[in-house]
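Undergrad: Residue-level listing of the chains:
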Amino acid sequence: MGTLWKVENLTKEFEIRSEFKKIKVTALKSINLEIYKGEILGLAGESGSGKTTLGKVIIRLIDPDKGKIIYRDIDITKLPERVLRKYRKNFQIIFQDPYKSLNPRIPVGLTVMEGITGNKKERYEKAVELLNLVGIKEKRFYDYPHQFSGGERQRIAITRALSTEPEFIVCDEPTSNLDVSIQGQILNLFIELKEKFNLTYLFISHNLKIIRFLADRVGIMYKGEIVEMGKTEEIFENPKHSYTQKLIESSFAF
Amino acid sequence: MKKTLQRLRKRNYISYISFWIIVFLYFLAILADFIAPYPFNKQFRDYPLCPPTKIHFFDHNKKFHLRPFVYEVKLVNPALNQYEIVKERICPVYFFVKGEKKKILGIFPSTRNLFGTKEGKIFLFGTDMHGRDIFSRILYGARISLSIGIIGVSISFFLGFLIGGISGYFGGKIDNILMRLVEIFMMFPAFYLMLALRAVFPLNLSSFQIYLLIVIILSLIGWAGLARIIRGMVLSIKEEEYVLAAKSLGLSSFRIIFKHIIPNTFSYSITAITLSIPGYILGESTLSLLGLGIQEPYPSWGNMLSVCIGNLRVLSNAPWMLIPGLFIFLTIICFNFLGDGLRDVFDPKNW
Amino acid sequence: MKKLLNVRNVVVGNEEIKILREISFEVNEKEIVSIVGESGCGKSMTLKTIIKLLPKNLEILSGEIYFDGIEIVKYDAMEKIRGKEIGMIFQEPSSYLNPLFTIGNQVEEAIKEKIEKKEKKERVIKILKEMGLSSNVYYQYPHQLSGGMQQRAMIAMSLINNPKLLLADEPTTALDLTTAFGIIDLLKNLVTKYNLSIIFVTHDISLAKYISDKILVMYAGIIVEKGPSNLVYTNPLHPYTQKLINCLPEKYKKGERIKTIEGQVPSLKDLPEGCPFSPRCEYKKKICENYIPGEIKIEERNVRCFKYGNFMES
Amino acid sequence: MRRYILNRLFQFIPLLIGMTFISFLIIQISPGDYFTQLKMNPEISPETIENMRKLFGLDRPVIIQYFYWLKNIFTFNLGESFSYHVPVSFLIKVRLKNTIALSIFSILLTWIISIPLGIYGAIKDKSFNERVLSFFAYIGISLPSFFIAMLVIFFISKTAILPLGGTTSIFYENASGFEKFIDYLKHLLVPGIILTLSGIGSLYRLMKNNFLEALNSPYIFTACAKGIPTYKIYFKHALRNAINPMITIFGYELSGILSGAGLVEIITGWPGMGRLVLEGVLSFDLYLVMASLLIGGILLIFGNLLADILLALVDPRVRLR
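Taken in order, these protein sequences are the chains called A, B, C and D.
Residue numbering for the first sequence follows our numbering, starting at 85 and increasing by one per position.
Residue numbering for the second sequence follows our numbering, starting at 9 and increasing by one per position.
Residue numbering for the third sequence follows our numbering, starting at 780 and increasing by one per position.
Residue numbering for the fourth sequence follows our numbering, starting at 626 and increasing by one per position.
FYI, nobody ran anything at the bench for these hints, they're computed from the structure.
Predicted, not measured: the structure shown is a model, and the values here were computed from it.
Don't be surprised by glycine CBs; every beta carbon is placed ideally from N, CA and C.
Among these hints, one or two may not hold up.
[What the hints assert, rightly or not] Rough simulated footprint, nothing fancy, chain D against chain B, three-plus residues with beta-carbon under 8 Å:
hint	segment
1	178–191
2	293–299
3	308–320
[What the hints assert, rightly or not] Incomplete in silico selection of chain A near chain C, CB under 10 Å:
hint	residue
4	Leu-292
5	Leu-298
6	Asp-300
7	Ser-335
[Unchecked claim] Straight-line Cα separation of at most 25 Å, SDA-like style, residue types lysine to any residue; simulated pairs:
hint	chain 1	residue 1	chain 2	residue 2
8	A	Lys-280	A	Val-218
9	B	Lys-181	A	Asp-149
10	D	Lys-857	C	Asp-855
11	A	Lys-108	D	Asn-632
12	C	Lys-897	D	Pro-854
13	B	Lys-129	B	Asn-325
14	A	Lys-150	A	Val-311
15	B	Lys-50	B	Gln-303
16	A	Lys-140	A	Asn-291
17	C	Lys-897	C	Ser-874
18	D	Lys-783	B	Phe-337
19	A	Lys-315	A	Glu-251
20	D	Lys-749	C	Asp-855
21	A	Lys-293	C	Lys-1033
22	C	Lys-853	C	Lys-900
23	A	Lys-108	C	Asp-955
24	B	Lys-267	A	Phe-225
25	A	Lys-205	B	Ser-260
26	C	Lys-900	D	Arg-865
27	A	Lys-184	B	Gly-240
With the rest of the complex left out, here is chain A:
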């Protein structure tokens, strides 16, 4: 397995402005990370641990303060947006809230078409094909996002991510706003798509049960740091860090 992503010393601080002063919040504290081609890397942690920020920084939706992001031997940390745009198609993101991640004024089919290249007819056919793959029928191509249920919207968001034929997808808690019965469908879909398109996932979740089910390797984040990282079975069977132990204990108590 080759290395797809390499992240060195990644640091990010946010400024929160209040009436008095600027408060600096450290979201990421010198993170080092490698993602191998074809794996599912799970990233677990509680709210405010910086896992979502890490996901966004890796694909440069947020710029880091310090550190290096290397994608397939290319240092993309400082690439200007204009140049980066070439690579953007290779890595996509799926957000937590399917109600916010689709433009409310664009029919879902057209949203999917945006990422596809080619002439209009090809793009349309490809979009229909992809939507079919996730179980959205062609007759709903021109429907607006608000006409779909949460689960269907998440499927559409997945389709949009697939439309650029990426090799890597950041999945940012993609099932945590969905019902249990829908969650199962979406998780299956992720597995199927991974096999079909040879994808690599960075799967972010606070739900350790899902992480254990899905991930090959796991990183546990706590207050902006990765406190422990390793093969999934090893981490879950023999957690070393006290925080990991506590987290696993409270997750699997029931």
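Since the structure of chain A is already known, use the hints to place chains B, C and D on it.
TA: Relative to chain A, chains B, C and D alone:
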């Protein structure tokens, strides 16, 4: 547009009606030359402060006339402006009656008016102290009062969109500086700022210069509020996940701005524009009312009311002089209703 | 065991929709009963029905609710029961606490007895301590506390009058895992300490099994299965319960496919005529599409499914 | 708390400087400086003009002139009015008092009326009475204040129950202190009522919406579940939360009130700042106009500061962070 109107009709009938009233008012303003029975500056020296002419179908003998008519009136007491009708003089009202020469819309020469009388006078809303027909003056005044609303809001909206957009999209220091500037403008009471800006220029300007000046003053005052609204909007939409997703699809900034950000500000800005037009109409009326705006003999709804200030005799003897105020009120309430309705309709939650 | 709450055939809704349909269940003294189901199935609405705080457009159309000798549906002095006999806690304590008043003020205000201010304060501080908070919290405002502390303050507020029943509406969903765990253990301990019964609403059936004695499984406004937690979890009878438990990722090893429930939860506005689960059910027969099954008692459990009894042949 | 207020004060300084700069700029863009007018006045000697020129630094570059002007402003030397031949500061002092009296009077009256109405409207939302109230609120919002003024004056002129114009009656000179006060109040009544009428509509709507929003908040549900009496739910929990946003918008409202007051002053003949500005504009008395503009702005800043302090007092989320 059609779809919006249909939705408006379904969800909020009052705003739907308001929309058509506004359209009708603009229609009246555009065709003022044709609809008004008299030119705006035509003085009937024998008819100062003449009350509104009543239109009759029955004469004093209870005889029915198919064609409506008016009685001729005569000033009987010049000191108290008392008028009496002359019962013998029945003047029928005709459509497409011959009047003075003019150019409709400034292009088509014509001598016809929509309605009028061949003998006698018809003053639907009465006359002012110089014997000018208030109805005709209201129609001509509508041109100024209504157009300033649209032109003023367009200019401030352009400024507001530019500055608010830049401020919101780029953020950081630029945002900081621009927003301080906006705050400074908003920290002056609008009325004082309006008068102060007016004070910079001489009082006696040509009517066209004054028109321009009013537009500029009102836009200078109005842009700040709109810039703030648009900045907030851009700021929040910029952070929306669908914009981030579009960015990660590798779309160009141009496409992101014009396909994903701006369309999502549209509904909100149209509402904001609609709701801010009354401010411009009020601004113009206020300036003209105080004698700082449109000057006689040119009518605007504001300056037609200026005789009512501090002139109790006129107010109590000739209350029809207040009619231009009713038109201002009607226009403003319609824009307010329309704005509220649009806010409802544009909310994707209500689709 | 004494019955504390007895809900009989309650229907809630309006002319257009029925949110709850023929809900019946019992809660005994010192018992934790969980209501499990997916979003929109009527879990929270059941709690709001018991305390009679339904949204304006909904009402109890029929049925009876007996609580400690009182018939609640017809009872019109609910203020006497709310907070005194029945307490309630919510999913997001941050928005359910009034941001402008101190915790002390808000807890104190709930005290029903007419006692002196000083005594009230002592009582509040005592209960705050029992919930694992410092006495300093008395003087603090909600925004100064973490989510877990806010939830503890909410619990203190709902228990200050020693109520007999606590309604808990997903009290741990918005909290972090480690924090949630603490709250759950706190609630479990309260049952014996305060002689309390709890109705615990959650979407997580494993959590329900962990915390409660009895589980009610709801689907589209109907209780499809109810019974002792262990039985329901290990040997579910209703096809929906079976599938719901089968959906859980922890039941599978890596690389396996989750056995999912196809389709979606129906919207309450257009429910199927018969059993609401029938469109997603693999055992569906003609009768399921036309009639809503009644309750059938099997091994300490009540199930609403035509699979049981002798209906399937007909 | 003290730090918060100091901070707010500190934030207003750049605003203040910006405002003085813009006022100055407006004088600058006006064609010719105002000495061109003074020169035409034969009563003023060329030496006086030259002295004033020096005092205002008009022989220096523009930016230096600004600082001269600024220095003069901070010593309350706002220049001399050429039409009245008295210091501008003297004129403003007299008029400012009346404007502040009018504004405070109408703010108090507006709030006293619209807060209870707003609460009533929210509690009885969608009832017949509420619809009638909202309808009138709509009319109130859409009626221009000058038009309301004309209608009220029309009514007053027919009934003559209240004095119109000025601040005092003829007998003012030999009246006692209390009578003087009552007389002043009587004169204040007409402009005050007009201003109140034009402000009630929007404030009612705001209050109604805020109270409705508060009533639909989760913490109200908690209060209900606690079983506390309805009046306490309304007047403790909902009211406190509905008032806070009202305080925040007080700053914006104030701007509207000052503007409205200016216009109403002119129409009813109440000798306040608004009339002063108009007189300044009509006589091309630039220094008078700019000084009034600046004072108007400073009033607003103080109003906003007051609102900020008030908000901090009632909202712990602002006070304690």
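Undergrad: All hints, please: hold or fail.
TA: Consistency of the hints with the structure:
1. 178–191: holds (count 3)
2. 293–299: With 5 residues in contact (Cβ-Cβ under 8 Å with chain D), the coverage given for the segment 293–299 of chain B holds.
3. 308–320: The restraint on the segment 308–320 of chain B holds, since 5 of its residues have a Cβ under 8 Å from chain D and three suffice.
4. Leu-292: Holds, about 8 Å.
5. Leu-298: holds, 7 Å
6. Asp-300: Holds: closest Cβ of chain C sits about 8 Å from Asp-300 of chain A, inside 10 Å.
7. Ser-335: Ser-335 of chain A check passes; min Cβ-Cβ to chain C is 6 Å, inside 10 Å.
8. A:Lys-280 <-> A:Val-218: Holds: Lys-280 of chain A and Val-218 of chain A sit about 12 Å apart, inside 25 Å.
9. B:Lys-181 <-> A:Asp-149: holds, 18 Å
10. D:Lys-857 <-> C:Asp-855: Roughly 19 Å separates the two Cα atoms, so the pair holds.
11. A:Lys-108 <-> D:Asn-632: holds, 19 Å
12. C:Lys-897 <-> D:Pro-854: holds, 22 Å
13. B:Lys-129 <-> B:Asn-325: Roughly 21 Å separates the two Cα atoms, so the pair holds.
14. A:Lys-150 <-> A:Val-311: Answer holds: Lys-150 of chain A to Val-311 of chain A is near 19 Å, not above 25 Å.
15. B:Lys-50 <-> B:Gln-303: holds, 16 Å
16. A:Lys-140 <-> A:Asn-291: holds, 19 Å
17. C:Lys-897 <-> C:Ser-874: Violated: Lys-897 of chain C and Ser-874 of chain C sit about 28 Å apart, past 25 Å.
18. D:Lys-783 <-> B:Phe-337: Holds, at about 23 Å.
19. A:Lys-315 <-> A:Glu-251: holds, 22 Å
20. D:Lys-749 <-> C:Asp-855: holds, 21 Å
21. A:Lys-293 <-> C:Lys-1033: holds, 11 Å
22. C:Lys-853 <-> C:Lys-900: violated, 35 Å
23. A:Lys-108 <-> C:Asp-955: holds, 23 Å
24. B:Lys-267 <-> A:Phe-225: holds, 18 Å
25. A:Lys-205 <-> B:Ser-260: holds, 22 Å
26. C:Lys-900 <-> D:Arg-865: With a Cα-Cα distance of about 23 Å, the restraint between Lys-900 of chain C and Arg-865 of chain D holds, given a limit of 25 Å.
27. A:Lys-184 <-> B:Gly-240: holds, 18 Å
Consistency with the previously given hints fails for numbers 17, 22, ordered from lowest to highest.
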